[in-house]
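As a plain string of letters, each chain reads:
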Amino acid sequence: MARVAPRTGDAIFANVERVNAELFTLTYGAVVRQLLTDLEEVEEVNKQLDQMGYNIGIRLIDEFLAKSNVSRCNDFRETTDVIAKVGFKMFLGVTASVTNWDADGTCCSIVLEDNPLVDFVELPDNCQGLYYCNILSGVIRGALDMVSMKTEVTWLRDVLRGDDVFELQVKLLKHVPEEYPYKDDE
Amino acid sequence: MAAIYSLYIINKSGGLIYYKDYGSAGRMDTNDSLRVASLWHSMHAISQQLSPVSGCLGIELLQADTFDLHCFQSLTGTKFFVVCEPGAQHMENLLKFVYELYTDYVLKNPFYEMEMPIRCELFDINLTQAVQKDRVAFLGR
Amino acid sequence: MIGVGKMKQYGNVLDKPLNKGKQEVSLSAFAFLFSELVQYNQTQVDNIGELERRLEDAGYAVGARVLELLCHRDKGNRRETRLLGILSFVHSTVWKVLFGKVADSLEKGTEHEDEYMISEKELLVNKFISIPKDMGTFNCGAFVAGIVRGVLDGAGFPAVVTAHFVPMEGQQRPRTTILIKFAEEVLRREARLG
Chain A
1 MARVAPRTGD AIFANVERVN AELFTLTYGA VVRQLLTDLE EVEEVNKQLD
51 QMGYNIGIRL IDEFLAKSNV SRCNDFRETT DVIAKVGFKM FLGVTASVTN
101 WDADGTCCSI VLEDNPLVDF VELPDNCQGL YYCNILSGVI RGALDMVSMK
151 TEVTWLRDVL RGDDVFELQV KLLKHVPEEY PYKDDE
Chain B
1 MAAIYSLYII NKSGGLIYYK DYGSAGRMDT NDSLRVASLW HSMHAISQQL
51 SPVSGCLGIE LLQADTFDLH CFQSLTGTKF FVVCEPGAQH MENLLKFVYE
101 LYTDYVLKNP FYEMEMPIRC ELFDINLTQA VQKDRVAFLG R
Chain C
1 MIGVGKMKQY GNVLDKPLNK GKQEVSLSAF AFLFSELVQY NQTQVDNIGE
51 LERRLEDAGY AVGARVLELL CHRDKGNRRE TRLLGILSFV HSTVWKVLFG
101 KVADSLEKGT EHEDEYMISE KELLVNKFIS IPKDMGTFNC GAFVAGIVRG
151 VLDGAGFPAV VTAHFVPMEG QQRPRTTILI KFAEEVLRRE ARLG
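Residue numbers (my numbering), protein chains in the order written: chain A, 1 to 186; chain B, 1 to 141; chain C, 1 to 194.
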C-alpha cells in the first residue's frame with residue numbers, strides 16, 4: 001500500500017474549516033473565568049486547566065494523525081518538530097519553534113510568539129500564580145500519551161507573566177509501546 | 001457492483017465500539033461480533049510479531065474466497081476494518097474517511113466517553129452517506 | 001466578578017491596537033474546547049436544567065465582551081436604541097463575527113408581543129455534537145443563548161434567552177431557535193419612542 005506523504009501545517013490549515021479566533025479566545029476566557037469562580041484557588045485552576053487540556057489532547061491526537069498523514073516518528077526530535085510545525089499550525093493557525101535540546105535528545109522547548117488563547121488578556125493582581133494557558137501543556141501531554149510517549153510539560157516563559165514569548169518545556173520520560181501479549185489478557 | 005458487507009471499529013484494548021452490518025447474510029449478534037472483534041485484535045497483534053523486521057504495522061488486507069477484509073490501525077491503536085466483496089476497490093480510502101468521521105463526530109462529542117461503544121447520531125448519518133456514495137461510485141463503472 | 005483584562009501596573013494591553021478580527025483558528029480547535037467546556041460543566045451539575053444554566057452563564061460573559069468589541073471596532077461607538085436595531089445587530093453583525101455568517105432567520109413571535117426568534121439550521125457550536133436520547137431536549141446552544149443575552153443586556157435590552165431544537169418536516173435533523181423574550185421595560189420604552 002502506497003504511503004501518502006505527510007502534509008505541511010500550512011496546507012492543512014488552508015484546507016480545514018476555520019473560525020474567527022475571537023470566538024475561540026473569548027470562549028477560552030469563559031472557561032478560565034468559570035474555573036476561577038468554581039475553584040477559587042489559582043493552583044487548583046492551573047491543575048484543572050491541565051486536566052482539561054489532557055482530555056482534549058487524547059482526542060485531538062487522532063485528528064492530527066488523520067489530517068497530517070505523519071507516520072510513526074523515529075525519535076523524539078521528529079515528534080516535537082511535527083508538533084511545533086504541523087500541530088500548532090493546523091489547530092491554532094500559528095507556528096511554533098523548537099529549541100534548547102539537551103544532550104540526550106529527550107528534553108526541549110517549544111516556543112510560541114503568537115497565541116490566540118491570550119488576546120486581550122491581562123492577569124489581575126490576585127491571579128499572579130495563574131498559568132492562563134495551562135490547557136496547552138495538558139493537550140501536548142495527552143496527545144503524546146496516546147502514542148505511547150509519557151512526558152512532562154512545564155512552562156518556562158509566559159508572556160502574561162512578563163516574558164517576551166511563551167516557552168513550554170517538553171521532557172520525554174519514557175516510551176511505553178503496547179506489545180502483545182497485553183498485560184490484561186488471560 | 002462491489003459491496004461492503006460490514007464495518008467494525010475496535011478500541012485500542014480490543015473492545016468492539018462500533019459494528020455496522022450492511023445487509024449481508026453473515027450478520028452477527030452482539031456476542032458474536034464482540035468475540036470476533038477481540039479475536040481480530042489479537043490476530044492483528046500477532047501478525048506484527050510474525051514480521052521478520054521490526055516496525056510492522058500489522059495486517060492490512062486479508063483475502064478469502066468470498067470476501068476481502070481491509071484493516072487500518074491508527075497510531076493511537078484504534079482499528080477500523082471493513083469486510084467487503086472480493087476485489088472491492090478504494091477500501092483504504094473509505095477506511096481513512098471513516099477515521100476522519102470518527103475524529104469529527106465521535107471525538108468532538110462531549111457526550112462520548114473514550115473507548116466506549118459509539119452512539120453518536122451524526123456519526124451514523126455521515127457514515128451511511130459515505131458508504132452509500134461508495135456503492136454508487138461503483139455503479140458507474 | 002473576577003476580571004480577566006483589568007489594569008496591571010506593568011502591562012500595556014490597553015495601548016495595544018485592537019486587531020482587525022481577521023485571525024483564525026481551526027473549527028476543530030474551537031470544537032474541542034467547547035466539548036471540554038460542556039464536559040467540565042456536566043461534572044458540576046446534577047441535572048440538565050443546571051447544565052443549561054451554566055452554559056448560558058458562560059456564554060453571557062462572552063456576549064458582554066463581544067458587544068464592547070464590536071461597538072468599538074465595527075460601529076464606531078454608535079449605540080443601538082431601537083429594538084429592531086439591536087436584533088438586526090445580533091442577527092447580522094454578531095453572528096457574522098462569531099460564526100462566519102449571518103443567522104438564517106429573524107422572526108417576530110406570533111403568539112406573544114415580547115418574543116423574537118433567531119433561527120439556524122445548525123448552530124456552529126452543535127456541528128459535531130449528537131445529544132444522547134436520555135438527555136431529552138437539551139441543546140448545547142444554551143451557550144449561544146447566553147451570548148445573545150449578554151449582548152442584549154449590555155446594550156440595554158434585558159431579555160430571557162433560551163435555545164430550542166425545533167423538528168422540521170422532512171428534515172432528519174431539527175433546526176435550532178434562539179428564543180428571545182424581552183423584559184417589559186424594553187417594550188414600554190419601545191412604545192414610548194414610537
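These are computed hints drawn from the structure, not numbers from a lab. Take these hints with a grain of salt, some might be off.
If you anchor each label on the Cβ, the simulated ranges turn out as follows [to be verified]:
1. A/E17 / B/K20: 24 to 32 Å
2. C/E185 / A/T154: 49 to 57 Å
3. A/A11 / B/A3: 32 to 40 Å
4. B/L61 / C/T137: 40 to 48 Å
5. B/T30 / A/E17: 33 to 41 Å
6. A/D38 / B/L61: 45 to 53 Å
7. C/D74 / B/E115: 39 to 47 Å
8. A/E17 / C/M168: 17 to 25 Å
9. C/T137 / A/E43: 35 to 43 Å
10. C/E122 / B/M114: 18 to 26 Å
11. B/I125 / C/K96: 44 to 52 Å
12. B/P117 / A/E17: 46 to 54 Å
Stretches of chain C that chain B covers, calculated by requiring three or more beta carbons in the stretch to come under 8 Å of a beta carbon on chain B [stated by the list, open to error]:
13. 23 to 32
14. 131 to 145
A virtual CB, placed ideally from N, CA and C, is assigned to each residue, including glycine.
Each hint tested on the structure:
Range check, A/E17 to B/K20: about 26 Å between beta-carbon atoms, so the 24 to 32 Å window is met. Evaluation of the 49 to 57 Å hint for C/E185 and A/T154 yields a pass: the beta carbon distance comes to about 52 Å. The hinted window of 32 to 40 Å between A/A11 and B/A3 holds, with their beta carbons roughly 34 Å apart. Between B/L61 and C/T137 the C-beta distance comes to about 46 Å, which sits within the given range of 40 to 48 Å.
Look at B/T30 against A/E17: about 36 Å separates their beta carbons, and that is inside 33 to 41 Å. Distance hint check: the CB atoms of A/D38 and B/L61 are about 51 Å apart, consistent with the given range 45 to 53 Å. For C/D74 and B/E115, the Cβ-Cβ distance of about 45 Å falls inside the hinted range of 39 to 47 Å, so the restraint holds. Between A/E17 and C/M168 the C-beta distance comes to about 23 Å, which sits within the given range of 17 to 25 Å.
Roughly 39 Å separates the CB atoms of C/T137 and A/E43, a value that falls within the hinted 35 to 43 Å. A hinted range of 18 to 26 Å for the beta carbons of C/E122 and B/M114 is consistent with their spacing of about 25 Å. Between B/I125 and C/K96 the beta carbon distance is about 28 Å. The supplied range of 44 to 52 Å is therefore violated. Checked against the hint of 46 to 54 Å, the C-beta distance between B/P117 and A/E17 comes to roughly 28 Å, which is inconsistent with it.
Using a Cβ-Cβ cut-off of 8 Å, 3 residues of the segment 23 to 32 of chain C lie near chain B, which meets the minimum of three, so the contact claim holds. Proximity of the segment 131 to 145 of chain C to chain B, defined as three or more residues with a beta carbon under 8 Å from a beta carbon of that chain, is established by the 4 residues found.
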